[in-house]
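Engineer: Model the full structure from these sequences, guided by the hints.
Residue numbers (the numbering used here), protein chains in the order written: chain A, 1 to 109; chain B, 1001 to 1115.
Hints are not guaranteed to be accurate.
Per label pair, the in silico range of CB-to-CB distance [said to hold, decoys possible]:
no. : chain 1 : residue 1 : chain 2 : residue 2 : range
1   : B       : 1027      : A       : 39        : 20 to 30 Å
2   : A       : 42        : B       : 1028      : 36 to 46 Å
3   : B       : 1054      : A       : 16        : 46 to 56 Å
Far from chain B, some chain A residues (derived; all Cβ distances over 12 Å) [said to hold, decoys possible]:
no. : residue
4   : 45
5   : 55
6   : 58
7   : 68
No wet-lab data here; the hints were simulated from the structure.
All residues carry an ideal CB built from backbone N, CA and C; glycine is no exception.
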Amino acid sequence: KNEVEQSPQNLTAQEGEFITINCSYSVGISALHWLQQHPGGGIVSLFMLSSGKKKHGRLIATINIQEKHSSLHITASHPRDSAVYICAVDQYNNNDMRFGAGTRLTVKP
Amino acid sequence: DSGVTQTPKHLITATGQRVTLRCSPRSGDLSVYWYQQSLDQGLQFLIQYYNGEERAKGNILERFSAQQFPDLHSELNLSSLELGDSALYFCASSAGQGVGTDTQYFGPGTRLTVL
Chain A
1 KNEVEQSPQN LTAQEGEFIT INCSYSVGIS ALHWLQQHPG GGIVSLFMLS SGKKKHGRLI
61 ATINIQEKHS SLHITASHPR DSAVYICAVD QYNNNDMRFG AGTRLTVKP
Chain B
1001 DSGVTQTPKH LITATGQRVT LRCSPRSGDL SVYWYQQSLD QGLQFLIQYY NGEERAKGNI
1061 LERFSAQQFP DLHSELNLSS LELGDSALYF CASSAGQGVG TDTQYFGPGT RLTVL
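Structural biologist: Set out below in structure tokens:
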């Protein structure tokens, strides 16, 4: 079993819809990251979280340390949000970073 | 543009060969990270250097090695290449020691194809 599980694997939405992507992890962590990988392959770091909630524009990330769960929300989704969203965790005890398999989001106009 | 540069963009080589991938971090960043992204295994953390010293090690094969030079650029050396080493190799940089403390900025990647 992967230490980082994401759901759903694939997600198709209509422009304007509210999107939620989930990430669950099974290891102790010092931080959790949400990354966005564009169709061309480039990766952008969206958030780094160790507790609570962060907001940047239409993106919101939350983390519940007790439940070992994080969510990435996109409000008023737009076709340019189409990308693969990847959850990653910094493991607490060995300085290693583990990645989820990614969620492929397609937003249709 | 993240400010992290990687060369070359594409590399095609044969099994058994050795290649070197290069990464220049953002100005002022002291940490460099290397990642491998293959179709079957997704993203994997390989290794991190901080100010010239190895800081963290992930799933890096013994055939692979890396170093960070005094000017803070880094090189990832891949030797005795196998077909399964074909992947996108990303470099990222951050200001501090990383792992739970820093946002990472990713380079555009080097696509390695081993024939």
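Engineer: Decide, hint by hint, whether the structure agrees.
Structural biologist: So, going through the hints one by one against the coordinates:
1. B/1027 x A/39: 20 to 30 Å: Cβ of residue 1027 of chain B to Cβ of residue 39 of chain A: about 28 Å, so the range 20 to 30 Å holds.
2. A/42 x B/1028: 36 to 46 Å: 21 Å, violated
3. B/1054 x A/16: 46 to 56 Å: 47 Å, holds
4. 45: Non-interface label fails for residue 45 of chain A: nearest chain B Cβ at 5 Å, not farther than 12 Å.
5. 55: Holds, since 15 Å exceeds 12 Å.
6. 58: 19 Å, holds
7. 68: The claim holds: residue 68 of chain A sits with its nearest Cβ about 15 Å from chain B, beyond 12 Å.
Violated hints, listed in ascending order, are 2 and 4; each of the other numbered hints is respected by the structure.
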